[in-house]
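Given only the sequences and the hints, what does the whole structure look like? Please build it.
Quick note: the sequence shown uses the numbering used here, first residue 9, plus one each step.
These are computed hints drawn from the structure, not numbers from a lab. Computed from a predicted structure; not experimentally measured. Keep in mind that the hints are not guaranteed to be accurate.
As the list claims (entries may be wrong) - Keeping only pairs whose Cα atoms sit at most 20 Å apart, straight-line, the calculated EDC-like set for lysine to aspartate or glutamate is:
hint, residue 1, residue 2
1, Lys79, Glu67
2, Lys81, Glu63
3, Lys77, Glu67
4, Lys72, Glu62
5, Lys77, Asp60
6, Lys65, Glu76
7, Lys66, Glu76
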Amino acid sequence: MCGWWGGAWPVWAWWWVVPLVGIALCITMGVFFRSRWSNSRFCCFGGVGTCDLEEMKKEIGDLKADIEKMKGKQGE
9 MCGWWGGAWP VWAWWWVVPL VGIALCITMG VFFRSRWSNS RFCCFGGVGT
59 CDLEEMKKEI GDLKADIEKM KGKQGE
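What follows is the structure, given as structure tokens:
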């Protein structure tokens, strides 16, 4: 306890600084990366852009048309 109340201050008395710096670094990185990737999707957070949504709708429509063509060929 002499490290906390005076006397010699050994290095091990400052053990709490390392996790504190690590937490501050994680928060800082989170703030910077969130602003950079604000429109992108990361771990189910965020949404899909309208451009991507329209492209997906078009692709689904094409797939449905292809399925209908395949069903027509099997029925012949």
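Legend entry - Hints the structure fails to honour: Numbers 2 and 5, in rising order.
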